[in-house]
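Got chain A; can you put chains X, E and H on it based on the hints?
As a plain string of letters, each chain reads:
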Amino acid sequence: MTQVSTRKISVQSEFVPQKKRQSQFQLKAHRFARNKAAVIALCFIVLLVFCAIFADYISPYDYAAQDLANKLQFPSWRHPFGTDNFGRDILSRIMRGGRISLLVSACAVSISAVAAVIIGSIAGFYGGTVDNVIMRVTDIFMSIPGMLFAMTVSAALGTGIMKTAIALGVCSIAPLVRQIRSSILLLKDQEFIEASKAFGVSNAKIIMKHIIPNTLAPLIVQISLRLGDTIMAISGLSFLGLGIQPPTPEWGNMVSAGKEYLTTFWPMVLFPGLSIMLSMLSFNLLGDGLRDALDPRMKR
Amino acid sequence: MLRYILKRLLMMIPVLVGVVVVVFTINYFTSISPAAVICGSMATDEQIAAKEQELGLDKPYLVQIGTYFFNIITKGTLGDSYIYKTPVLDMIASRLPNTIRIGLCASVLSAMIGIPLGILAAVKQNSSLDYASTFLAILTGAIPSFCLCLLLQLLFAMKLHWFPISGVKTWQSYILPIVSVALMPVAMTMRMTRSAMLEAIRQDYVRTARAKGLPEKTVIWNHTLKNALIPIITVIGMNIGISLTGSIIVETIFNIPGLGFLMNSSISQKDFITTQGCVLVAAFIMTFMTLLTDLVYAVVDPRIKSQYTKGKKAGKKSKLIKGGDAA
Amino acid sequence: MEILNIKDLKISFNTDTGVVEAVNGISLSVGEGESLGLVGETGAGKTTTALGILRLIQCPPGEFVKGEIFYKGQDILKMKDQELRDMRGAEISMIFQDPMSALNPVMTIGEQISEVILHHQKCTKEEAERQMLAMLEQVRIPAERAGEYPYQFSGGMKQRVIIAIALACHPKLLIADEPTTALDVTIQAQVLEMINALKRTNHTSMLLITHDLGVVAESCEKVAIMYAGEIVESGSVADIFDATAHPYTKGLFNSIPSISKKMDRLKPIEGMMPDPGNLPTGCKFHPRCPFASDLETCAAEEPIAYEVTPGHFVRCHRCRSWVEELKVERGVGV
Amino acid sequence: MAQLEVKHLMKYFKTPVGPLHAVDDVSFSIDSGKTLGVVGESGCGKSTLGRAVLGLNEATGGQILFEGKDITHAKGVLSKEMKRQIQIIFQDPYSSLDARMSVQQLIAEPLTATGICKGKAAVQKRVAELMDTVGLASRYMLSYPHELDGGRRQRIGIARALAVEPKFIVCDEPVSALDVSIQAQILNLMSDLQEERGLTYIFITHNLSVVKHISDDIMVMYCGCLTEKCECDELFRAPLHPYTKGLLSAIPEPSIHVERKRNLLEGEISSPINPAPGCRFSSRCPYAGDICRERFPAPQEACPNHFVACHFVNEINGL
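Chains A, X, E and H, in that order, are what the protein sequence lines are.
Okay, so the first sequence: first residue is 1 according to my numbering, each after it adds one.
Okay, so the second sequence: first residue is 301 according to my numbering, each after it adds one.
Okay, so the third sequence: first residue is 628 according to my numbering, each after it adds one.
Okay, so the fourth sequence: first residue is 962 according to my numbering, each after it adds one.
Next comes chain A alone, as it looks inside the complex (with noise of 0.2 Å):
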């Protein structure tokens, strides 16, 4: 019923003036910025990565800075979100922890990203044993639930920011390598694809020109939903005393710290943790934005 109407959208007809050129950017642009949740996440993301590069400008004390006399302070005018057990400045610490969050994840999604990249790839394209081969490998992965094949690699990797980046990011190769494979499975059985090979286009060019801008729209959209399941995963590992270890602020650490003293002082948990669901929260309503600002396809 409705593709009656919004096919026939697309058609211009002679007599009606063109509208004015947007470019396939802009178009998208626009799309992306009629989804108000999404610029809202945008923004939030932004701020957020503006306060981890400038943390230690911007933040009102030093984060490591102790003053055991105004410890467990709730929060005031001079400390916004309180003070913790050794009475530094919770507001501080949040920008810090943001900081190795927002490093770590990053670092964590490149990693499981160039991978998945690489490895879909060739599994898409190759096909036959290889994909086999692959296939196979990633169903081993993929059996072993996501949280506790982190800990383990965490474990034996010991603990710190580079290395629990490399454990969470070897832990979501494998369902991403799924996922470009079948994308990359999908864009080859196109008809525009069996176009350009009939110009005489070569494989590398095919690959260059078409398969990889097309395959990038959903890469992103994942990129994004990526970063923030790994900003939780990196504060459930450090809640559970692996991953980043105290003194080192990190979200989940920080929790984790203040879980003794739950029942008398909630800052050193609330605030953390609003940072961590925020975080989380903005991740996705702005992966969720740029899928259907990408590919409206996909829209629901």
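Read the hints as simulated data drawn from the structure, not as lab findings.
Owing to the predicted nature of the structure, the values given are computational and were not obtained by experimental measurement.
Don't take every hint at face value.
Distance condition first, Cα-Cα at most 30 Å in a straight line; then the derived DSS-like pairs of lysine-lysine [as the list claims (entries may be wrong)]:
#1 X:Lys-351 <-> A:Lys-163
#2 X:Lys-307 <-> H:Lys-975
#3 X:Lys-424 <-> A:Lys-36
#4 X:Lys-424 <-> E:Lys-707
#5 A:Lys-197 <-> H:Lys-1128
#6 H:Lys-1128 <-> E:Lys-894
#7 E:Lys-894 <-> H:Lys-1206
#8 H:Lys-1128 <-> A:Lys-209
#9 A:Lys-205 <-> H:Lys-1030
#10 A:Lys-209 <-> H:Lys-1079
#11 A:Lys-197 <-> H:Lys-975
#12 X:Lys-459 <-> A:Lys-71
#13 X:Lys-424 <-> E:Lys-637
#14 H:Lys-1041 <-> A:Lys-209
#15 X:Lys-517 <-> E:Lys-799
#16 A:Lys-197 <-> H:Lys-1030
#17 H:Lys-1206 <-> E:Lys-888
#18 H:Lys-995 <-> E:Lys-888
#19 X:Lys-424 <-> E:Lys-693
#20 A:Lys-188 <-> H:Lys-975
#21 H:Lys-1206 <-> E:Lys-826
#22 A:Lys-205 <-> H:Lys-975
Chain A regions said to be covered by chain H (calculated; three or more residues, Cβ under 8 Å) [said to hold, decoys possible]:
#23 181-192
#24 196-202
#25 208-216
Glycine included, each C-beta is placed from N, C-alpha and C at the ideal position.
For chains X, E and H alone, kept in the frame of chain A given last:
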């Protein structure tokens, strides 16, 4: 059908072998020797070496992994814990029921809440109910489970005293963990049900059903929901995996002796052989659930069923379409 | 007696990019036992009209702006939900274009046929089953296949199942929306033959929606040509095929390569279908019309439907002069 | 000499239940500047045939000669050269164009890929020329396919095929996705181009009136096999194969004065997977005898230049 199940069960074996190899390899190349951790920081090098010998950790990689497999096949054991000296399998067996109880209840709960909510949201698309439930689903999906656990503990156990803070002494003590584990799956189930229903409701056969003059109830239940079941079943199957993962944090916080708790403690104590056993069991549960969901697909979709029963003829229809002749 | 009478029906869709006027004030009627062919190209509003008759258009985004649809004197647009459901499938039923997707993939075809019988006739399960088997026999599908699922049938067979569903309750009016477009030529002929035969035996009226004038020639008595949501020409088959009056209809005939005659070049209509979200003023066809430049009024005024001969309506400003020409052509004299 | 000669072409696809005989032992030839119409119903192998000629599907057996050169398994330089000579126009103007490229980029792609045009200015000029040739206004140069309708998209497809200056074009259902009025525009454009440039077409379609309009010769296919091939008018005047007869009588004609001799074919199109020996049409054929189910009928010249693959062609037609 039976042959298909058997085939799938056999196919689980290489996957599980692969899991063992992966986990074993990760642990083998770990930076910290378990022996050093077990012996404590005061131990001398000789003591550590002796401990390593005792645990068989001084042997080459292939011998170690070979022994591990040999023990599984011939004795059916997963080795003895480095620390407690008790068989890993026994330790898992005594703890698994708690995890399964929580996981199962959480999955059932999430299906019971998520599916009706999703259907309602889809049928009343763009209503305030739809917006509210979608918003809630996105929101709950973003709450870190450990924060949720702490919140529930604080509110219902410490302040209101409705439920015990931790442990598994009474049935009440299961409530909070189940709720904590279920929340994320509820959100996921709801979103998936909604989108699957919306997808199905747009299909031509739903229009046919309406054109037949069937009441809306029949259209939704018999025609739309039946066709939207596949993704819903998938998400329910996935929920099991999520609750396994979730159990690690939830069991640690609520102090429940379950698989997750064992896993976490074994990792922190470098009791790798126990970790390995736990991962293997978890992977077994995951693959088994995948098989189960695949079999449930066959119940709801005759096309999938025909692929299983006929086995070889599976690809016929799809190949015919894909076969190259687009005409 | 007229079974279906549509008066000045206007349906539009409110989309993100604006209002799309899919159906623009059409009027048509189908008599008892009569077949009306509704012909037009993609986006002309044929399917919207068909779905509108059964009120199967989702509102929103769809909206019935104005008009009436009378079925046996009762306005469908004013019916309550229950009345509407009692009518759908029992009094008016519909055959859809794509047999591949119009059947529920997880129900057996037997269930899908007996479902409609069971619902409308309030009979026992056994009775519904008996009628279902009789229906299957009518569309020449072996009874033992009733327990099979749609994926086990070919396209032509599926369309026959859909016909069985549509005719199961012996409706008075059958709306067939491009029933043969998705099928191969030989299968198309089988299905068309079957629809015509069943229609005759059951004395069913039919609204046949198609883009294929050949199909209309084979199975309809009356024809209405749709363009940009309007009926530009309507009349008996003879009126439309032999006394074509509207420039669009003429263009349509000239565009089809003929099997029986050899022509060197086709004479297509220039230009494209207008965007239904952005229709031209005046006559919707004037930007493509070879005669429009003669008449200032084409771009300014919407033409009304002139009755050039009894029952033959043409919506064209040139009609007054056309009427003269036609009369000259036929030797009637002015 | 014929420009394209196809000898005993076979193309099988592997399926889990056995080989799918998409094209089975098909031979034909086309002279330069002519149009061969290939007609058949879905799954009859007509598209596969077109793609095999192009080398998009490598033939399982048989030979394809283009201007005397064997291009069946062309590789390297020969393949590159051949790809310039033989081009394809696809059925679906929606999926055969990369949605992420503008009209200009789309038409420039074959130019740069084959190295016909070097330098930005030259490419631009050629694109503008090509757009003019196929009747696309230059203001669409920066448009994207999704902004255009089916007819214009198909024009882009034609411009792309023409860009490499081919001699031979495989047209795979080029007008099936279009409305009649647009279809006529495209058909006219294609005839004009053929006249101007002396192009040779293989015109694949299921639409018999279209094929009659545009073809010089017609080849009817059923289930991977050639059933009848002859001059266009002759086929419509005097079809000899029982399948062709059924096919022709099934076409609904837009005229109320045609007396229709109904010759309805019963049954469904047979499956090309693991076909039984013998004639593929025998299961639906009213004249089928024992021999039809046992032996595959080879195409024979029943009348001059009229090839029919039927054991009983003489008996049925009283020849």
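When you check the alpha-carbon spacing of Lys-424 (chain X) and Lys-36 (chain A), does it fall within 30 Å? Given that 30 Å is the threshold and the Cα spacing comes to 22 Å, the pair holds.
Can the stretch 208-216 of chain A be counted as covered by chain H under the rule of three residues or more with Cβ-Cβ separation shorter than 8 Å? Coverage by chain H holds here, the residue count being 4 at a Cβ distance below 8 Å.
Straight-line alpha-carbon gap Lys-995 (chain H) to Lys-888 (chain E), limit 30 Å: At roughly 20 Å apart (the allowed maximum being 30 Å), Lys-888 (chain E) and Lys-995 (chain H) satisfy the hint.
Check whether the Cα positions of Lys-351 (chain X) and Lys-163 (chain A) lie no farther apart than 30 Å. Holds: Lys-351 (chain X) and Lys-163 (chain A) sit about 28 Å apart, inside 30 Å.
Verify the proposed pairing of Lys-1206 (chain H) with Lys-888 (chain E), using a straight-line Cα cut of 30 Å. Roughly 18 Å separates the two Cα atoms, so the pair holds.
Within a Cα-Cα threshold of 30 Å, do Lys-1041 (chain H) and Lys-209 (chain A) meet the stated pairing? holds (19 Å)
Are there at least three residues in the stretch 196-202 of chain A whose beta carbon sits under 8 Å from a beta carbon of chain H? As far as the stretch 196-202 of chain A goes, the hint holds, because 7 residues have Cβ atoms under 8 Å from chain H.
Please check whether the stretch 181-192 of chain A has three or more residues whose CB lies within less than 8 Å of a CB on chain H. Coverage by chain H holds for the stretch 181-192 of chain A (3 residues, Cβ < 8 Å).
30 Å Cα cutoff - pair Lys-1206 (chain H), Lys-826 (chain E): holds (27 Å)
Measure nothing beyond the straight line between the CA atoms of Lys-424 (chain X) and Lys-707 (chain E); if it is 30 Å or shorter, mark the hint as holding. Measuring from Cα to Cα gives roughly 20 Å; hence the hint holds.
Holds or violated: Lys-424 (chain X) with Lys-693 (chain E), Cα cutoff 30 Å? Status holds; Cα separation ~26 Å.
So if I understand the rule, the pair passes when the alpha-carbon distance is 30 Å or less; does Lys-205 (chain A) with Lys-1030 (chain H) pass? It holds: about 28 Å lies between the C-alpha atoms, which stays within 30 Å.
In the structure shown, no violation is registered for any of the earlier numbered hints.
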